[in-house]
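As they're listed, the protein sequences go chains A and B.
Going letter by letter, the first sequence gives residues 1 to 369 in full-length UniProt numbering.
Going letter by letter, the second sequence gives residues 1 to 369 in full-length UniProt numbering.
Simulated from the structure, these hints should not be mistaken for lab results.
Note that the Cβ used here is the ideal one computed from N, Cα and C, for glycine as well.
Be a bit skeptical, because a hint or two may be false.
[Claimed, not checked] Only part of the chain A face toward chain B is listed, based on derived beta-carbon distances under 8 Å: (1) Y7; (2) K158; (3) R232.
[Claimed, not checked] Covered, in the sense of this in silico footprint (three residues per stretch, anywhere, with C-beta under 8 Å from a C-beta of chain B), are these stretches of chain A: (4) 162-171; (5) 199-208.
There are 2 protein chains.
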Amino acid sequence: MTETPQYTPLIRSLPASVPFVGPETQERSRGAPFTARLGANESLFGPSPRAIAAMEAAARSVWMYGDPEVHELRAALAAHHGVSPDHIVVGEGIDGLLGYLVRLMIIPGDVVVTSDGAYPTFNFHVTGHGGVLHKVPYRGDHEDPEALLATAAGVRPKLLYIANPDNPMGSHHPGATIAAMLDRLPQGTLLVLDEAYVDLAPPGTAADIAADDPRVIRLRTFSKGYGLAGLRVGYAIAAPGLISAFNKVRNHFGVGRIAQAGALAALQDQAWLDQVRAEVTTARTHLAAIAVANGLRPLPSATNFVTMDCGRDGDFARAVLRELVARGIFVRMPFVAPHDRCIRVSCGDAAALGAFATALPLALAAARG
Amino acid sequence: MTETPQYTPLIRSLPASVPFVGPETQERSRGAPFTARLGANESLFGPSPRAIAAMEAAARSVWMYGDPEVHELRAALAAHHGVSPDHIVVGEGIDGLLGYLVRLMIIPGDVVVTSDGAYPTFNFHVTGHGGVLHKVPYRGDHEDPEALLATAAGVRPKLLYIANPDNPMGSHHPGATIAAMLDRLPQGTLLVLDEAYVDLAPPGTAADIAADDPRVIRLRTFSKGYGLAGLRVGYAIAAPGLISAFNKVRNHFGVGRIAQAGALAALQDQAWLDQVRAEVTTARTHLAAIAVANGLRPLPSATNFVTMDCGRDGDFARAVLRELVARGIFVRMPFVAPHDRCIRVSCGDAAALGAFATALPLALAAARG
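Isolated chain A, as found in the complex (with noise of 0.2 Å):
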């Protein structure tokens, strides 16, 4: 007898796993609001007033759809960028690009080759499309492009990704050493250079690439620098063949009208860039006294999160973590080993820090028994 509805075979082996939990769903398991909001890297900072002006005047006219072609902002990143607008699609935030990227290149047993404790909602597509991931170590705290390239040397494959600055380390290689990656892929492997944090990086962290480059697509996110991360708005910088594929599979009207005119706003408001950048490296400086007072490592970031070293294995630092969300702070922590004895936490402003400042020592504490 046929079951109803009858999923494909690969849908049928997949998991109905979720890459991250959401604070609001440990918010309601724990009966009550989190003070801190510190673990999904969101900008505590907030967005440009001039992207919140213009998201309340598109609330007023949301009756109507968005632009499918997403013109106004795609001339705008192109000349933010230097390159045509043929050269930028927008999506639905890095996650949705990403999901289009590999239905356009992935079919069952194709080979991806990405870092292992890198980005899960990548390997969520790509085990999403029945592709079979090759999960190379960082070397340290780093993702580590010569490893990356010697196993793409004997895989051989579709997609090779990197995110520079990386999460969940915050380390970040020079952008020349990214670039440099380019003639060492194998013949037909695309690079995915994944570069949500890389405004608030610094100088010389974005790859220089020409556009017209068929071996790479980059990706910018407006939830992070900018501060829009419930917006949903991200592009891609890639080759006008690569980007005009899109077209092929994207939900056209999926970035709306209050989307589209708040990632604009914010994009024309660099001076609000510039402040949260200072806002930014102020906290991480805090951040990382913070936990040089209570006896953890911080680690040098290239993000708008300080990785902290709790100096032992991966439970201990899950129990710090556990701590930490019983007394209110939302943070979040690496999901492999070795970088699972950390936690991350993301910069906010004195009020965030401060409840965080007071919580650790109390955390730590109860994480040692």
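Keeping the supplied structure of chain A fixed, place chain B upon it in accordance with the hints.
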């Protein structure tokens, strides 16, 4: 030599087509904005002021990701429909949900049944996953449940799509007719019931189907009656097994914070929806009168648009459409014969309908040469 990037064979075979050209694209190409935006069945009556206020408030907290479980909105929808939250998935419009649904079910060669001339975006998704579409002719201006079932009995599709009310003809069947289809579906066929316009249809149009019935998924939207097209929020009601399967593939953070807040507030203002229903009824009468005054035949409508039979062939209706667009009136028309003898005009306020009433006789005269 291996091309970079390496698209899948299916992707290679797809045209880079888009289901709809947006009015903004047409405005750019004609170098002037439209006077009346009556082509996309948006709600010119707008969303509830409470929804606008909720979106404005959410704009100030949009630095936070939206709840990936969409808990509050799902709970409210469940209460509204008398089901449990486990029966509901919220997604990036019905378009987004149709994309996920097709991905759950369809691999290359799988069979899908729909009506010839029905929603192109559904076809876009089916073709995009390699599905084979069997298109059943309408019976007059109605989708034809008997013919759909007869074709399904022959080809045993994984999915059978029907929209009730229908777009682009505006016709509808009683909900009981749709519900009666279930017992006649082939074993293994899932009925995809698109009820995008049902909020604006006569009482009894919504199918009364047990939420646990595994043979059907119902799709609803905030884009039409609720006036939130540019927010991108749709939802599906189905048995919990199918609902949870969406978690295997969906963009978990794809429905953002403003979207969730706006949809929730809109749902909670049913008095506004009642008022929109009254305005839509008035506008339908007004549009029908304009049609009759110009020698066109307005079709009965259970939606927020009126489809008008121009009385000649598709070339003539296309000429009428072109002449309307040239006069600043954005309207669309059915894609396939014999429905392409018609133009399709959305309900609007007095100003928009006045502009249409002024332009229509001129456009008809120009089209008649």
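Hint check:
1. Satisfaction of the interface hint for A:Y7 is found here, the shortest Cβ-Cβ separation to chain B being roughly 6 Å, below the 8 Å cut-off.
2. Hint on A:K158 holds. Least Cβ distance to chain B is approximately 5 Å, under the 8 Å limit.
3. Residue-level restraint check for A:R232 holds (minimum Cβ-Cβ distance to chain B is 4 Å; threshold 8 Å).
4. Counting residues of the stretch 162-171 of chain A whose CB lies closer than 8 Å to any CB of chain B gives 0, so the stated coverage by that chain is violated, three being the minimum.
5. Under a criterion of three residues with beta carbons nearer than 8 Å to beta carbons of chain B, the stated coverage of the stretch 199-208 of chain A fails, only 0 such residues being counted.
Hint compliance for this structure: hints 4 and 5 are broken, all remaining hints hold.
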